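Q: Keeping their order, the protein sequence lines are chains A and B. Each residue of the first sequence is one higher than the one before, starting from 1 at the first, in our numbering. Each residue of the second sequence is one higher than the one before, starting from 339 at the first, in our numbering.
Source of the hints: derived by calculation from the structure; they are not laboratory data. Incorrect hints may have been included.
Which chain B residues face chain A? A few, computed with CB under 10 Å, are given here [said to hold, decoys possible]: (1) I361; (2) L416; (3) L420; (4) F438; (5) F444; (6) T448; (7) K472; (8) N561.
These figures come from a predicted structure and were not determined experimentally. Just so you know, even glycine gets a beta-carbon here, dropped at the ideal spot from N, CA and C.
Spelled out, the chains give:
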Amino acid sequence: MKRRTKKIGERGKPPLPVLLGTRNIGFSRMRGQLAPYAFLSPTLILVTLFFFIPLVMVFILSFTKLDMTNFGILEWWKPVNWSLDNYVKIFTNRFLSRILGNTIMYVAVTLALFNVGMALVIALITTHIKRRTGFAFRTLWFLPRITPVVVYTMMWRALAGPAPMGVINKYFLVPLGIGGGEYLLHTHPWVFVFLVNGFIGASFGMILFASAIESIPKDYTIASRVDGASTWQTIRYVELPMIKWPLLFVTTYQTLSLLTSFEQIMLLTDGGPGLYQTEVWSLTAYHRALTSYFGNTQWGYGAAWAVVLVIIGIVMAVIYLRVFKFRELVEEPKIDQL
Amino acid sequence: MLRSKLKPALAYLVLIVPSSLIILGFLWLLITSFSTRVEGLQSLGWTLNNWRFLWESPFGPQYPSIWTVTLNTLVMSLIMTLIVVVVSSLTGYALSRMKFPGRKGFLSLTLILHAFPSVTLLIPIYFVLLWIAKIPLIGRDVPLLGGFGYNTIGGVALVMVAFQLPFGIWIMKGFFDNISWDMERSALIDGASRFKVWWQIIMPNIKPGIAALSIFSFLTAWNAYLIPLTFTAGRAGKSAVLSLYLQNFISESVMTEWNAVAAVGLFQLVPVVLFFLFTQEALLNIYSGGKKGGV
Numbered sequence: 001m002k003r004r005t006k007k008i009g010e011r012g013k014p015p016l017p018v019l020l021g022t023r024n025i026g027f028s029r030m031r032g033q034l035a036p037y038a039f040l041s042p043t044l045i046l047v048t049l050f051f052f053i054p055l056v057m058v059f060i061l062s063f064t065k066l067d068m069t070n071f072g073i074l075e076w077w078k079p080v081n082w083s084l085d086n087y088v089k090i091f092t093n094r095f096l097s098r099i100l101g102n103t104i105m106y107v108a109v110t111l112a113l114f115n116v117g118m119a120l121v122i123a124l125i126t127t128h129i130k131r132r133t134g135f136a137f138r139t140l141w142f143l144p145r146i147t148p149v150v151v152y153t154m155m156w157r158a159l160a161g162p163a164p165m166g167v168i169n170k171y172f173l174v175p176l177g178i179g180g181g182e183y184l185l186h187t188h189p190w191v192f193v194f195l196v197n198g199f200i201g202a203s204f205g206m207i208l209f210a211s212a213i214e215s216i217p218k219d220y221t222i223a224s225r226v227d228g229a230s231t232w233q234t235i236r237y238v239e240l241p242m243i244k245w246p247l248l249f250v251t252t253y254q255t256l257s258l259l260t261s262f263e264q265i266m267l268l269t270d271g272g273p274g275l276y277q278t279e280v281w282s283l284t285a286y287h288r289a290l291t292s293y294f295g296n297t298q299w300g301y302g303a304a305w306a307v308v309l310v311i312i313g314i315v316m317a318v319i320y321l322r323v324f325k326f327r328e329l330v331e332e333p334k335i336d337q338l
Numbered sequence: 339m340l341r342s343k344l345k346p347a348l349a350y351l352v353l354i355v356p357s358s359l360i361i362l363g364f365l366w367l368l369i370t371s372f373s374t375r376v377e378g379l380q381s382l383g384w385t386l387n388n389w390r391f392l393w394e395s396p397f398g399p400q401y402p403s404i405w406t407v408t409l410n411t412l413v414m415s416l417i418m419t420l421i422v423v424v425v426s427s428l429t430g431y432a433l434s435r436m437k438f439p440g441r442k443g444f445l446s447l448t449l450i451l452h453a454f455p456s457v458t459l460l461i462p463i464y465f466v467l468l469w470i471a472k473i474p475l476i477g478r479d480v481p482l483l484g485g486f487g488y489n490t491i492g493g494v495a496l497v498m499v500a501f502q503l504p505f506g507i508w509i510m511k512g513f514f515d516n517i518s519w520d521m522e523r524s525a526l527i528d529g530a531s532r533f534k535v536w537w538q539i540i541m542p543n544i545k546p547g548i549a550a551l552s553i554f555s556f557l558t559a560w561n562a563y564l565i566p567l568t569f570t571a572g573r574a575g576k577s578a579v580l581s582l583y584l585q586n587f588i589s590e591s592v593m594t595e596w597n598a599v600a601a602v603g604l605f606q607l608v609p610v611v612l613f614f615l616f617t618q619e620a621l622l623n624i625y626s627g628g629k630k631g632g633v
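Construct the entire structure; sequences and hints are all you get.
A: See the structure below:
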């Protein structure tokens with residue numbers, strides 16, 4: 001416990017100026033040139049196989065009508081077979097506005113209430129109460145993340161179940177006389193979509209914020225106490241401004257991960273219970289392309305849905321680089337000249 | 339006086355109310371796995387029947403037993419962890435300590451991939467795996483792993499490695515950046531190769547980083563659902579992993595045995611919870627190395 005505090009505490013210090021590297025002895029031109037690429041080669045191979053080729057392919061596929069029935073027949077790599085039909089199909093889809101609305105609502109509400117909101121609340125409270133208790137609570141909140149997602153969603157279905165089986169109905173709603181004991185997943189599917197995703201999402205920000213708060217030098221908080229600030233004032237005027245970067249980071253990073261995550265929704269409601277009621281963009285892409293619903297695995301059409309997300313992803317990633325002071329991150333290494 | 343006591347109480351309340359949902363959920367899971375039926379948290383009859391899968395295959399002998407599936411999951415998780423740690427520390431080292439043309443481009447690429455929604459590439463990755471499966475020797479029929487193509491443990495592990503890499507590289511680079519290079523420099527002057535320096539001098543010095551990344555990768559792999567689901571054919575095949583094995587109990591046509599699902603789920607969960615309890619201190623370190631990545 002002590003070791004960790006110290007470690008995090010040390011992060012606050014500015015890096016020592018590097019005094020070495022002024023003298024250039026000119027070591028090893030010989031092995032030098034190729035060595036870096038040898039170190040990078042495994043990553044290069046994997047990134048090519050699973051990012052570059054797929055990225056190019058997803059664009060090409062999105063212009064074709066490739067599906068399971070014409071697989072091996074359609075020469076999808078030939079520009080002759082490319083067209084914008086899939087995109088026309090997406091933008092004339094009569095459920096488009098509903099899916100788009102769902103996606104925005106899902107990302108915005110989960111992010112605000114849980115991935116950032118709840119995460120910040122837990123991090124703040126657990127760092128201001130007894131250390132051990134704080135740790136216990138953070139472990140508890142980590143559980144949803146390490147629970148197999150199938151079991152986790154099943155657990156939530158049990159919580160939402162109809163009376164007398166459902167836990168929430170049996171112990172809270174029925175005794176209080178709220179509702180008729182219906183299956184809550186059918187009556188309030190969105191509440192559970194937010195809860196199920198939010199409880200997983202909160203742990204990411206929680207850990208980051210908690211370690212950021214703990215790395216704030218104690219002098220600052222003590223000084224504010226001495227000046228007569230209340231706990232809330234210390235949080236508001238000392239701690240929150242100091243964790244500005246983690247806050248911004250979690251917000252941008254989690255926006256992207258929420259935008260593309262659909263496992264939980266797929267297992268919880270699979271876009272239902274009503275027609276496209278909880279269907280989000282990424283789930284649509286998956287449904288069209290890879291589940292043989294009515295036996296239609298429309299790879300091309302699904303790829304077109306995915307491409308829209310890919311473009312959003314690239315744009316946001318580039319913005320994210322700008323915001324996070326990219327130049328500092330890529331400063332030249334100090335070694336390599338002795 | 340009252341006010342000063344009220345506020346901590348309020349804080350605890352804010353913490354406990356949402357937390358109680360998690361507690362209730364897991365309590366339900368535990369009770370269900372030992373019951374014939376439950377009503378809320380109340381068991382309507384205790385039984386060990388749900389845990390039968392431990393000693394006999396519930397779907398008949400032609401299906402893999404839970405132990406085969408567990409072994410698959412373990413192999414996949416370990417392979418994935420091993421590759422992630424080795425590859426990210428190689429790359430992280432090069433990015434942290436070496437100067438070469440294209441370094442800046444490579445770093446920005448890593449960062450972009452770090453934020454990139456890789457799930458959107460599932461469709462074409464399916465095709466890539468189909469190609470790999472056609473390559474002789476590594477594609478198919480490798481002992482234990484099955485190979486690196488479609489519908490093999492190795493293939494699934496490889497995809498997960500690729501998804502984990504940008505994060506791993508970034509974390510490892512952070513850890514390498516934090517160690518001074520005095521020792522390394524003297525070793526290099528003495529004529530050691532870069533590879534030797536990396537393996538013998540630097541790696542032992544970033545054990546906390548290696549531990550943190552390993553734990554994180556292992557947890558990710560153990561619970562992986564979407565990637566195994568998408569890239570293995572059938573959930574009872576010979577490359578099934580635990581999260582898919584669960585799906586066998588959930589069926590649209592027959593009554594789902596939720597109690598058995600709970601038991602299998604706990605079977606999958608308990609090892610990682612124990613693992614997590616013993617390693618959480620080390621896991622929290624992950625963010626001290628990745629500090630520069632905006633974390």
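Q: Determine for every hint whether it applies to the structure shown.
A: How the hints compare with the structure:
no.: 1; hint: I361; result: 7 Å, holds
no.: 2; hint: L416; result: 17 Å, violated
no.: 3; hint: L420; result: 12 Å, violated
no.: 4; hint: F438; result: 4 Å, holds
no.: 5; hint: F444; result: 7 Å, holds
no.: 6; hint: T448; result: 8 Å, holds
no.: 7; hint: K472; result: 13 Å, violated
no.: 8; hint: N561; result: 5 Å, holds
In summary, the structure is inconsistent with hints 2, 3 and 7 from the numbered list given earlier, while agreeing with the others.
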